[in-house]
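Colleague: So the protein sequences, as listed, match chains A and B. All residue numbers for the first sequence refer to our numbering, where the first residue is 1 and numbers rise by one. All residue numbers for the second sequence refer to our numbering, where the first residue is 1 and numbers rise by one.
Bear in mind the hints are in silico, worked out from the structure with no lab data behind them. Watch out, some of these pointers could steer you wrong.
[Claimed, not checked] To spell it out: a stretch of chain B is covered by chain A in this simulated footprint if at least three of its residues, at any positions, have a beta carbon under 8 Å from a beta carbon of chain A; those stretches are:
| no. | stretch |
| --- | --- |
| 1 | 20 to 26 |
| 2 | 30 to 40 |
| 3 | 49 to 62 |
[What the hints assert, rightly or not] Heads up, incomplete: computed chain A residues facing chain B, CB under 8 Å, no partners named:
| no. | residue |
| --- | --- |
| 4 | Glu-10 |
| 5 | Ala-163 |
| 6 | Glu-164 |
| 7 | Asp-168 |
| 8 | Ile-169 |
| 9 | Ile-171 |
| 10 | Phe-224 |
| 11 | Ala-227 |
| 12 | Met-228 |
| 13 | Val-252 |
| 14 | Ala-310 |
| 15 | Tyr-311 |
| 16 | Met-312 |
[Stated by the list, open to error] Straight-line C-alpha distance at most 35 Å; calculated DSBU-like pairs for lysine-lysine:
| no. | chain 1 | residue 1 | chain 2 | residue 2 |
| --- | --- | --- | --- | --- |
| 17 | A | Lys-212 | B | Lys-39 |
| 18 | B | Lys-39 | A | Lys-2 |
| 19 | A | Lys-212 | A | Lys-295 |
| 20 | A | Lys-240 | A | Lys-19 |
| 21 | B | Lys-39 | A | Lys-19 |
| 22 | B | Lys-58 | B | Lys-39 |
| 23 | B | Lys-58 | A | Lys-2 |
| 24 | A | Lys-160 | A | Lys-240 |
| 25 | B | Lys-64 | A | Lys-160 |
| 26 | A | Lys-240 | B | Lys-58 |
| 27 | B | Lys-58 | A | Lys-160 |
Predicted model, so just to flag it, every value in this text is computed and none were measured. Cβ coordinates follow ideal geometry from the N, Cα and C atoms, glycine included.
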Amino acid sequence: MKNAMMSVAEAAALIEAGKVLVVAGSEAALSQLPKGCWIGGTSVYFMTDTGGRVDRDNLFVTEIEAAEDARPVLYAGEDLPSLTMNRFDNGLSVILIPAFSNAHEEFAIHGSSYSGVFDQPLMGWVTGVHLDDLESAKPKVFDGARGMAFDEGAMVLHVKLRAERVADIDILNLFEPDQTADEISFAGTGFTAQTALVNGEEVDFASYLAEKGVDTRCPLVANFAGAMINVSFQSVEPGKPVSFYAPVIEGVSYRVAQLPGDYASEFVARAQGEGSRELSCNCILNYLYGELESKTTGSFTGPATFGEIAYMLLNQTMVRLNIQAAEAAAVA
Amino acid sequence: MIPDTTNPCWRRVLTSESDLSGAVLATKLLVTRLRREVKARPGALGPKIAELRDYFEKNTFAAKDIALF
Numbered sequence: 001m002k003n004a005m006m007s008v009a010e011a012a013a014l015i016e017a018g019k020v021l022v023v024a025g026s027e028a029a030l031s032q033l034p035k036g037c038w039i040g041g042t043s044v045y046f047m048t049d050t051g052g053r054v055d056r057d058n059l060f061v062t063e064i065e066a067a068e069d070a071r072p073v074l075y076a077g078e079d080l081p082s083l084t085m086n087r088f089d090n091g092l093s094v095i096l097i098p099a100f101s102n103a104h105e106e107f108a109i110h111g112s113s114y115s116g117v118f119d120q121p122l123m124g125w126v127t128g129v130h131l132d133d134l135e136s137a138k139p140k141v142f143d144g145a146r147g148m149a150f151d152e153g154a155m156v157l158h159v160k161l162r163a164e165r166v167a168d169i170d171i172l173n174l175f176e177p178d179q180t181a182d183e184i185s186f187a188g189t190g191f192t193a194q195t196a197l198v199n200g201e202e203v204d205f206a207s208y209l210a211e212k213g214v215d216t217r218c219p220l221v222a223n224f225a226g227a228m229i230n231v232s233f234q235s236v237e238p239g240k241p242v243s244f245y246a247p248v249i250e251g252v253s254y255r256v257a258q259l260p261g262d263y264a265s266e267f268v269a270r271a272q273g274e275g276s277r278e279l280s281c282n283c284i285l286n287y288l289y290g291e292l293e294s295k296t297t298g299s300f301t302g303p304a305t306f307g308e309i310a311y312m313l314l315n316q317t318m319v320r321l322n323i324q325a326a327e328a329a330a331v332a
Numbered sequence: 001m002i003p004d005t006t007n008p009c010w011r012r013v014l015t016s017e018s019d020l021s022g023a024v025l026a027t028k029l030l031v032t033r034l035r036r037e038v039k040a041r042p043g044a045l046g047p048k049i050a051e052l053r054d055y056f057e058k059n060t061f062a063a064k065d066i067a068l069f
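Start from the sequences, fold in the hints, and give me the full structure.
Modeller: Now the structure itself:
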């Protein structure tokens with residue numbers, strides 16, 4: 001894959017040349033692109049090879065060179081669970097979902113139960129807007145084939161890979177659970193929780209967090225058979241349910257994470273591989289809390305998003321999709 | 001060769017909390033979901049084993065993960 005920040009004119013030239021693209025940018029910039037084999041999502045925060053930056057004019061473009069065929073499909077509502085159907089046999093799917101949409105909530109809560117969802121790489125992100133524009137603008141997804149934008153639904157690019165290529169997804173999470181911290185679980189699955197079970201005892205969760213002085217820049221972390229999965233805090237106010245950027249899941253055991261060191265240095269140290277040739281995204285919260293503006297995360301570039309998707313919705317995590325020769329993957 | 005559903009490895013992985021750090025991400029996430037479902041409804045173990053085996057039938061790239069079960 002090829003990644004680059006580029007002008008609208010440069011991206012348009014790639015589209016007109018028939019390239020298969022995943023594009024991130026402002027609504028104004030994406031709206032200027034011609035029809036073609038691409039999907040897009042709104043974002044104005046980017047990790048680039050020269051550092052993190054806000055950019056409303058240029059676009060972050062990933063060209064999937066290994067694509068033999070590709071098909072953009074909008075799953076608008078009740079058909080969301082069928083996004084795993086009609087995929088290419090040797091393929092992958094890139095998914096973009098607008099933040100705060102019904103599709104965002106539906107996918108976050110039920111996505112990991114969709115039939116066959118783990119049978120092929122499914123990677124993408126939740127689209128956003130500039131944080132100053134939250135009241136005035138809606139995150140969007142773009143169907144390049146039809147030249148249309150949507151603030152509801154999941155925009156999916158089903159990609160057929162050449163026979164000798166395979167794709168795999170991995171995540172890089174800087175956060176580890178603090179093993180000395182309390183064990184926290186929830187009686188229900190959802191984006192909010194009034195109460196939690198802390199070491200088995202029910203408590204008002206907002207009060208608990210306040211009394212403990214929990215640094216809510218650190219997410220809740222659960223161990224999914226060796227994969228550390230975060231749920232980030234959105235708001236904690238006395239007397240109100242605590243809200244999250246991804247759902248807490250009933251029956252899962254969480255702990256508050258430890259604060260990592262310097263985010264940029266940690267990413268550089270831990271992100272192995274050639275990121276410039278992978279499709280990747282990072283979390284807007286890592287961008288903000290890690291003060292990544294003007295700093296690089298090694299060779300990994302891409303939009304800073306309102307949620308990351310690696311089969312399921314993630315928070316405060318870098319997600320990466322690599323396409324390599326099947327022979328090399330078999331050896332790895 | 002994917003083991004038959006009667007092989008004890010399937011029950012073992014879905015009824016334990018064993019760490020699968022060496023597995024691909026899809027395997028870790030799927031096994032975690034299936035473990036949760038089996039814990040909530042132990043009678044569903046058989047169908048969940050079938051679902052996990054079916055995943056490996058379709059995903060030869062993940063077959064090496066079975067050695068961790």
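Colleague: Provide an ascending list of the numbers of those earlier hints which the structure does not satisfy.
Modeller: 4, 5, 6, 12, 18, 20, 21, 24 and 26
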